[in-house]
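Asker: Please put together the full structure from these sequences, using the hints given.
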Amino acid sequence: MRRRTFLAALALSPITGCAAPSQSATTSSETPATSPTTTAKSSTTPTVTPPPDDPILFVVHNPTESDLTVSVTLTHDGTSLIDETVALAADEAVEYDPGIHTPGAYTLTVAVDGGPTKTRDLPIERFDVGAGSNHYVEIYADEIQIFAEE
1 MRRRTFLAAL ALSPITGCAA PSQSATTSSE TPATSPTTTA KSSTTPTVTP PPDDPILFVV
61 HNPTESDLTV SVTLTHDGTS LIDETVALAA DEAVEYDPGI HTPGAYTLTV AVDGGPTKTR
121 DLPIERFDVG AGSNHYVEIY ADEIQIFAEE
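Position 102, counted from 1, in the sequence shown is what full-length UniProt numbering calls 102; the numbers after and before it change by one each time, with no gaps.
Keep in mind that the hints are not guaranteed to be accurate.
[Claimed, not checked] Taking CB as the label site, the calculated pair distances span:
| id | residue 1 | residue 2 | range |
| --- | --- | --- | --- |
| 1 | Gly130 | Asp67 | 32 to 40 Å |
| 2 | Ala105 | Glu65 | 18 to 26 Å |
| 3 | His101 | Glu65 | 33 to 41 Å |
| 4 | Gly130 | Ala90 | 16 to 24 Å |
| 5 | Arg126 | Glu65 | 35 to 43 Å |
None of these hints come from the bench; they were simulated from the model. Since the structure is predicted, the reported quantities are computational estimates derived from the model, not experimental observations. Note that CB positions come from ideal geometry on N, CA and C, so glycine has one too.
Answerer: Spelled out as structure tokens, the structure:
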């Protein structure tokens with residue numbers, strides 16, 4: 001008979017913890033001291049740390065068969081991150097790492113010497129910074145195309 005009692009107790013032991021009241025169910029006569037907390041909303045956008053091996057790049061490519069002189073400007077909140085003029089040979093590309101670590105509104109302006117000019121507002125979001133989303137600029141004789149990597 002003792003063996004049956006022992007086995008029954010052993011069989012029920014794993015579920016005894018389920019039947020016991022949790023700590024949060026215990027009541028206390030003490031009331032915790034609370035103090036009002038306020039959180040200040042920051043007006044600055046938080047910095048996101050991009051992966052060091054995958055920064056946001058701006059790649060400017062000349063797929064034409066002629067040499068082009070191209071000016072590239074990237075600004076954020078009035079600060080110039082890229083302000084370069086480069087001579088690109090036929091089918092040559094150049095890439096820029098402006099060091100973008102903050103989501104926000106950026107403005108890219110690309111101008112071809114004696115050719116078209118294009119300005120585009122680029123909303124850079126947290127995902128773009130964290131994933132290192134690149135931007136590509138293709139320059140043709142009569143137009144400039146700007147693509148964003150998703």
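Asker: Take the hints in turn and mark each one as holding or not.
Answerer: These are the hints, each one checked on the structure:
no. : hint                        : in the structure
1   : Gly130 to Asp67: 32 to 40 Å : holds, 37 Å
2   : Ala105 to Glu65: 18 to 26 Å : violated, 36 Å
3   : His101 to Glu65: 33 to 41 Å : holds, 38 Å
4   : Gly130 to Ala90: 16 to 24 Å : violated, 36 Å
5   : Arg126 to Glu65: 35 to 43 Å : holds, 40 Å
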